[in-house]
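Asks: As given, the protein sequences belong to chains V and Y, one line each in that order.
Oh and the first sequence: position 166 is 237 in this note's numbering, straight run, nothing missing.
Oh and the second sequence: position 50 is 60 in this note's numbering, straight run, nothing missing.
Hints are computed from structural coordinates only; laboratory data are not their basis.
Fair warning: there could be bad hints in the mix.
Unchecked claim - Lysine to any residue pairs mimicking SDA-like chemistry, simulated, CA-CA at most 25 Å apart: (1) V:Lys264 <-> Y:Thr63; (2) V:Lys442 <-> V:Asp370; (3) V:Lys141 <-> Y:Arg53.
Said to hold, decoys possible - Quick look at which bits of chain V chain Y covers, simulated, 3 or more residues with Cβ under 8 Å: (4) 93-107; (5) 156-165.
Built from N, CA and C at the ideal position, the CB exists for glycine as well.
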Amino acid sequence: MKAFVFTDASLARHAGQFVWLDIDGEKAKNVEIVRKLKIAAYPTLYVIDSKDERVALRWVGGATLPQLHKLLDDGHLAVSAPRSGVDAVLARADSLYAAGSDSMAALTYQQALTEAPKDWAQYPRVMDATLFALDQSGDPRRCTELAAEAMEKLAGTTSGANAAVSGLSCALQLKPEDPKRQELIARFEARCKADVKNPAIALSTDDRSGIYLSIADAREDAKDEEGRKQALTECVAMLEKAAAAAKTPEQRTVFDAHRVAVYRELKQPEKAVPMLQASEKDFPNDYNPPARLAVVYLDLKKYDEALASSDKALALAYGPRKVGFYSTRANIYVARGDSVSARGTLEQAIKEGEALPEGQRPKGTIASMKKRLADMGGSSGTASN
Amino acid sequence: MRGSRYFWLGVAALSLASAAPAKHTSVLPFIHDDYSKALSEARARKLPIFIETSAPW
Numbered sequence: 072m073k074a075f076v077f078t079d080a081s082l083a084r085h086a087g088q089f090v091w092l093d094i095d096g097e098k099a100k101n102v103e104i105v106r107k108l109k110i111a112a113y114p115t116l117y118v119i120d121s122k123d124e125r126v127a128l129r130w131v132g133g134a135t136l137p138q139l140h141k142l143l144d145d146g147h148l149a150v151s152a153p154r155s156g157v158d159a160v161l162a163r164a165d166s167l168y169a170a171g172s173d174s175m176a177a178l179t180y181q182q183a184l185t186e187a188p189k190d191w192a193q194y195p196r197v198m199d200a201t202l203f204a205l206d207q208s209g210d211p212r213r214c215t216e217l218a219a220e221a222m223e224k225l226a227g228t229t230s231g232a233n234a235a236v237s238g239l240s241c242a243l244q245l246k247p248e249d250p251k252r253q254e255l256i257a258r259f260e261a262r263c264k265a266d267v268k269n270p271a272i273a274l275s276t277d278d279r280s281g282i283y284l285s286i287a288d289a290r291e292d293a294k295d296e297e298g299r300k301q302a303l304t305e306c307v308a309m310l311e312k313a314a315a316a317a318k319t320p321e322q323r324t325v326f327d328a329h330r331v332a333v334y335r336e337l338k339q340p341e342k343a344v345p346m347l348q349a350s351e352k353d354f355p356n357d358y359n360p361p362a363r364l365a366v367v368y369l370d371l372k373k374y375d376e377a378l379a380s381s382d383k384a385l386a387l388a389y390g391p392r393k394v395g396f397y398s399t400r401a402n403i404y405v406a407r408g409d410s411v412s413a414r415g416t417l418e419q420a421i422k423e424g425e426a427l428p429e430g431q432r433p434k435g436t437i438a439s440m441k442k443r444l445a446d447m448g449g450s451s452g453t454a455s456n
Numbered sequence: 011m012r013g014s015r016y017f018w019l020g021v022a023a024l025s026l027a028s029a030a031p032a033k034h035t036s037v038l039p040f041i042h043d044d045y046s047k048a049l050s051e052a053r054a055r056k057l058p059i060f061i062e063t064s065a066p067w
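When you get a sec, could you build the whole thing from the sequences and use the hints?
Replies: This is how it looks when you write it as structure tokens:
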């Protein structure tokens, strides 16, 4: 969003409506606000009522320019207009959603949807939040029902495409014995295939690649390897085209992560090397290019290069992200047959991870590293980075 | 799901998802990494706060 959305001049009309704050969730200085906001994923956007610090609105994920305009208008209303009726129910749902109470938020949003007038202007945003809350709270069946409804009501729009891909994601989570599973997957997948190639729908390149990845998942579920490869190949072609059209190195690097991920899925990691080297050159203080190069070089069994890139990434990284980079480094040592250094690396990662403040401490990563260390036979007796 | 829309959000916590590294020219006057300052300013001007949370990966 920083590269493509927040740069748009049309947003200037909102400039005086808010105080604007951006937060890097990895920085130690932001640990309090990160804990307060209970951030589930990045990016997430919030509107906060400064009177009582209540979260009036939360939007998980990136937004297109039209979505952001609507979100800002809704956010302004959410803190200024008196609420009654369905608006009061919606305010309650938004608060629950903001607090991360996904099950209750999903129920309350559904109450709002039931009470809302036909052609409710809030329907797209509310449905988007409802589907995310249902996905997070483990109710794929209800998610598919609402997604199917929203996909038709919002056909041809950004939110309609989001409903289709959310529905596909939820359908794939249904139990194999569910009698409607295949039918639902087929229905959502067909819509995703149409939407992803529809230039009339305003979707970011990242959104489109996410849809392609969901289609690839559906093909994998169907044990259709050719179909899976075709979806991934189309995806990477689209990403390459977008990267080639980028006006600045900043815009180009936005696509690095998805390009790397798809090339790795296609078992073509070597194709990611030149672009990552270019990004490393353009942004010598950014830990992402060397961190990605370490992963790609490991795939290519170029262990010396992988370790050198890992060195660079660790020297630049900070916070919970750095702890994760040690996993790659341990993998490199394991691949080289150096289990002592691998164990030392994991010990170092655990030590650094546990030293992070609550709210930044990557508990899941630390737990999996401890298990891995135990599986490898415990302490190395030495530390390594 | 690996390829779902939510994968691309959730993967932020895992490994390879993206946001741009830095230095874009926003048309909005963002305060960087200082919630207390934003809150003080918002209360003084009687405005809500818009927050974009991200991580540089």
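Asks: For each hint, tell me whether it holds in the structure or not.
Replies: Each hint, compared with the structure:
Note on lysine 264 (chain V) and threonine 63 (chain Y): the hinted pairing is violated, with a Cα-Cα distance of about 31 Å set against a maximum of 25 Å. Taking the CA atoms of lysine 442 (chain V) and aspartate 370 (chain V), the gap is near 23 Å; set against the 25 Å cutoff, the hint holds. Between lysine 141 (chain V) and arginine 53 (chain Y) the CA atoms are separated by roughly 24 Å; this keeps the pair inside 25 Å, and the hint holds. Look at the segment 93-107 of chain V against chain Y: 11 of its residues bring a Cβ nearer than 8 Å to a Cβ of that chain, three or more, so the hint holds.
Interface restraint, the segment 156-165 of chain V with chain Y: violated (0 residues with C-beta to C-beta distance below 8 Å; minimum three).
Hints 1 and 5, counting from the list given before, are not met by this structure.
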